[in-house]
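Given the sequences, and given the hints that come with them, work out the whole structure.
For reference, the chains in residue letters:
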Amino acid sequence: MRENKKITIVLGVIGADVHAVGNRILHHAFSEAGFNVVNIGVMASQEEFINAAIETNADVIVVSSLYGHGEIDCRGLKEKTVEAGLTDVRLYVGGNLVVGKQDWKETEKKFKNMGFDRVYPPGTMPQEVIDDLIEDFNLS
Amino acid sequence: MRENKKITIVLGVIGADVHAVGNRILHHAFSEAGFNVVNIGVMASQEEFINAAIETNADVIVVSSLYGHGEIDCRGLKEKTVEAGLTDVRLYVGGNLVVGKQDWKETEKKFKNMGFDRVYPPGTMPQEVIDDLIEDFNLS
Amino acid sequence: MEVELAKGKIDWDYFNQLRSEVLQAWPTGQEVNLEEAAAYHKELSPQRRFPELLKAAEREGRTLAQPRAGVALLQEHIELLQYLEKEGEADCLPTTIDSYTRQNRYNEAQKGIDESRKEGRSMLNGFPAVNHGVAACREVIEAVDVPVQVRHGTPDARLLAEITLAGGFTSFEGGGISYNIPYAKAVPLERSLAHWQYVDRLVGYYQDQGITINRELFGPLTGTLVPPCISHSIGIIEALLAAQQGVKSITLGYGQCGSLLQDVAAVITLKELAAEYLKKFGYTDVELSTVFHQWMGGFPQDESRAFGVIGWGAASAALAKANKVIVKTSHEAMGVPTKEANAAGIKATKQVLNMLKDQSLPESEELRVEKDIICKEVRVILDRVIDFGEGNLALGTVRAFKAGVLDVPFAPSKFNYGKLLPARDNNGAVRLLDFGNLPFSREIIEFHQEKIAERGREEGRQPSFQMVIDDIYAIGKGMLVGRPR
Amino acid sequence: MEVELAKGKIDWDYFNQLRSEVLQAWPTGQEVNLEEAAAYHKELSPQRRFPELLKAAEREGRTLAQPRAGVALLQEHIELLQYLEKEGEADCLPTTIDSYTRQNRYNEAQKGIDESRKEGRSMLNGFPAVNHGVAACREVIEAVDVPVQVRHGTPDARLLAEITLAGGFTSFEGGGISYNIPYAKAVPLERSLAHWQYVDRLVGYYQDQGITINRELFGPLTGTLVPPCISHSIGIIEALLAAQQGVKSITLGYGQCGSLLQDVAAVITLKELAAEYLKKFGYTDVELSTVFHQWMGGFPQDESRAFGVIGWGAASAALAKANKVIVKTSHEAMGVPTKEANAAGIKATKQVLNMLKDQSLPESEELRVEKDIICKEVRVILDRVIDFGEGNLALGTVRAFKAGVLDVPFAPSKFNYGKLLPARDNNGAVRLLDFGNLPFSREIIEFHQEKIAERGREEGRQPSFQMVIDDIYAIGKGMLVGRPR
Ligand code: B12
Ligand code: B12
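Chains as they are written, first to last, in the numbering used here: chain A, 68 to 207; chain B, 68 to 207; chain C, 146 to 630; chain D, 146 to 630.
Please keep in mind that the hints were generated in silico from the structure rather than gathered at the bench. Honestly, I wouldn't trust all of these hints.
Said to hold, decoys possible - If the Cβ cut is set under 10 Å, some of the chain B residues that face chain D in the computed set are:
# : residue
1 : G82
2 : H86
3 : N163
4 : L164
5 : G167
Said to hold, decoys possible - Dumping the calculated DSS-like pairs for lysine-lysine here, alpha-carbon to alpha-carbon at most 30 Å:
#  : chain 1 : residue 1 : chain 2 : residue 2
6  : C       : K502      : D       : K596
7  : A       : K168      : D       : K187
8  : D       : K622      : C       : K231
9  : D       : K596      : D       : K521
10 : D       : K263      : B       : K168
11 : A       : K177      : A       : K145
12 : D       : K231      : D       : K484
13 : D       : K231      : D       : K502
14 : D       : K330      : B       : K168
15 : D       : K502      : C       : K521
16 : C       : K596      : C       : K200
17 : B       : K172      : D       : K256
18 : D       : K502      : D       : K484
19 : D       : K200      : D       : K502
20 : D       : K263      : B       : K147
21 : D       : K200      : D       : K187
22 : C       : K484      : A       : K179
23 : B       : K145      : D       : K200
We treat Cβ as the ideally placed atom computed from N, Cα and C, and that holds for glycine.
Here it is in structure tokens:
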């Protein structure tokens, strides 16, 4: 197992979203890959993400949104991290971000504009995020 | 049963086409509706249609083509009827007239241009043709 | 007011005390007038009534097809339902409620409505019925010719029930367990059970006025490898709790697992066991029906592959002779479906249902084994829950969850014991790898262990959490059993 | 040269006399050199060989998915196959031959090729392999990584077989009955049988060089309510005739009827009965496999409904454990499918096949009854055909057709007796309403009559031709049994 322990991930499912299965698998996959995972679970508010990141001195916040309200739920998160002084914390988001099957390019742009560093389409496998984490944090 | 006996229909499946089921059902439906049906069956050449029409003094030729080669097989049929002096005989055609699922308007135009009086899309039920026959021959 | 778990039918005066508080939670609560609502229902044409439709389906031996559907705005929602009725040929319709309403966050739902108006597309994943109110609900009911049901996932659905039932809906999905454990994180069971006793009591009120409202229990739970014994036990408890409040038309739900034998056995035993326990509790006049959910877990992204899953779900439902099937769409893995995709799912389903209407899976040794094990498992769980309750089934349920005698795989609720690990056996049936605290006999445990061991031998690996993960992904990747690569 | 029905393996010298004539029918015939072709086959990688793939599928208990596909021009045909391999994930590929080539009208096929070039779209409903010649066939074979089969409907396929087998195809569909009676109007059976003895003898030649070519028999016949006893009897006769010429790899075909029990019973008995008769005739080293055709009759126009039919076909094939399934598409009722629609059909099918890979229909009393009746029917027909032949099975076949002992519903051939009338029973199984001259025992006849009478009672009408018509339209209209409105 790689020495990824130094990287701390705050993981959670934002808003009123209760989709728990993907969260459990991401937790498992990130841990197996050697990361330090702080899982705040489903139905997590923006504040819970921020607080967990502050408390654990996190490197990256991985937000899941499956149920379609991601657009409403994620607005302002970036601004809140900045306010909280978490300017170096990276923001990833993935799942089924919007309501319905929409043009992916549009959705990606929307979330990038909201301040997310990486935005993932439905069905992204954990290994892809792990590879990106390794790249983003020069771990390889 | 209506008095449609006076109208004689030459019915057949043109070209190298062996689709026999629809032909059998059309035969049954036209007969039940009281028409005089001369069924030359499947794999009928243009000549067979013309000859049958001459021999039986037919009022209408109903051409089926299911297998996709209808476009090639039907070309020149109108001209041959004219040559044979069958200028009053109406020409109907139906089935799966072209290869593949194509724009119906286009196909209809193509067959109208070839000289067919009525052109029917896939899945046309016998009753529709019967209604048209009644209209075209003022039988109602 | 403190929640209290009723032992029997809630006293009407007490109910009214609770009621005045419930109706204050959002302004539209004031629109509800029970007598007027009962009168409205009496005028409703029978073809728009769910209980009648279900009885007809049972009589004719056919399986009804029902989609999921709901958007933020009233007019759009009506157009959606009309489309699914006309183009999709749906036998009955839903009104799927959005996730904010499900969490009683009516303010956020309002924001969603407003933004949807602005953006010109639905920003909500369902229809916020509470915000729209009673009159709007009646517009929905009257806009279509088939019955419409409220489908959601709401731990506290009291206001939603008040408004939608007064609004003319004739079926209401959910239950104190099935709409809490998979749908919430921190709602205590005693609370959701009490809130659902309220809903059932409300339905019981209508029943007392001669108006039967169908209650459907949400069988699939988390939709992810839930073994039949778990969903059956929970469904039967919810049926008993509903019957206690005077409910007379109950639809028991089950989410397809994917193994034909297990799924057929499950549908058959679900009705049999429910009737058995209802009788045990003295309820002999409850109309029972079954609903089969096409695969509720992760779907393939590819639309044609999704059609394959849908077709198999339809076939299993028909062969099991379920009374109703809830239809998925080819967009499932991507997002809430367009109306066209939704209609396509219904039509593919109906084609299969109709082709299989006169067929069923014949009795066989293998089917008998599956039915047997389900019955044994359910009886041992239910009898323990009943014992725990000491005469109060709702209380027994709370205690059972605490003890892990009831446990739902992958549920988000912190009031779930959370120790079960399901995995498929070598033929695709869902078994248990970890039993948590289920009160299973040695015989049952060995049955599961041997089944999973058989798969392990076939795959040359020890059963483990990796096997579970492989199974979770399997259907999405085009298999049933998550074989190692 | 006069046709002659061989009693046993055709003498090699006589074969060569026939051959020189066959190869002259079109210029490309001169491209065939048997020794060189055998050498080419020896170099062919095993993954491109049909017999090997079928054996692997049988070993692994999986069902292969194969589309139909063919267009007029070589490059387009190759692109189509590559697309179906890559995007469609087909397990094996076809080259469907156009209808002019099937009737040996190579001039018209050439016209079709030329016009297709001009119009920029395929004006032919298949690939005219004879006109394209040996080298073009090899380009097709080498362009894809899975085996490719010739699929057609050709009463006289001698030149087509010479060219495509020399061209590296490793499987060849058809037979002297199944590619005549449903596909021709005026070709005498003695002629098509003799011509197919030639094809089988050619395959026997390759076999003698150590190169196994798979021969598939066209089970569905007219695709329209053909009862299993008819297609089984014909398939087994064709298998025996092929074995006589030295064929060692035979795939028996069956077209889905739509009743799960009947279809599973049919696939199981097809292999069993074929093995039984091959053994009776002394052929014990023939590799047998089965292919299941998704519903071959009229399809629904609606594409989602078509997906329903496809899904049910895939499920039935998997539960019957057929070795291969031939896939339909959502365009079926409209026309030759686009490559996208074709790929979609394969993917929907594969999803179901994979999900059911580890499941099968368990033995039951009902299944046993279906298997029993098929076996009885087939044995009584075959034994009569064999008797008729007085030691020459091909001759017995000709006589049997003349006498109506063999009879195919709705066949266009004037050499078909044409008296059978099939209809569905109350559960959807295909039975016989009119037996024509089938040599059935009282017991068998009563079985059918009682089954159809049961349906008549249910529908409150006398069984008649109207019932048959209703059944022909039924699946297209979204049912299985053509119930009156
Ligand atoms: C199971 C399921 C449920 C279960 C959930 C049980 C539970 N508590 O977990 C139940 C039945 C309760 C449910 C409820 C609802 N659901 Co739901 N559900 C699903 C379903 C079928 C599978 C989800 C799943 O478990 N997949 C398996 C896991 C392993 O995959 P995953 O969740 O996608 O997660 C993986 C990836 O997305 C990725 N990932 C996730 N997050 C992130 C983040 C990053 C940064 C990255 C890189 C990757 C990543 O990695 C994960 C692991 O591989 C999906 C559709 C589908 N995918 O097929 C719909 C789906 C997510 N549900 C949906 C909806 C709308 C709902 C409901 C509103 C119900 C409704 N309409 O009736 C409610 C919402 C309740 C709520 N408040 O959240 C929609 C969302 C629509 C949209 N976005 O447009 C979906 C897409 C279905 C659909 N097409 O309509 N659902
Ligand atoms: C059964 C069938 C066969 C059977 C036919 C058995 C037989 N001898 O009859 C078999 C398996 C042998 C077969 C062979 C072939 N078939 Co075929 N077959 C079908 C199928 C599935 C059903 C046809 C049928 O019987 N329908 C039931 C009857 C009642 O309906 P019908 O034939 O459509 O006829 C009705 C209407 O069309 C209408 N009608 C017909 N003619 C007329 C005329 C007029 C004027 C009017 C108003 C109405 C009308 O009334 C009829 C009665 O209701 C169709 C697809 C489909 N429709 O689902 C393909 C189909 C017709 N076949 C097709 C093809 C290509 C072939 C083959 C080349 C095979 C191949 N690709 O492998 C060969 C051709 C052989 C030949 N030389 O003709 C294609 C044609 C493609 C196209 N036009 O683009 C189709 C559409 C399938 C497809 N999508 O690829 N086939």
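Hints the structure fails to honour: 7, 16 and 23
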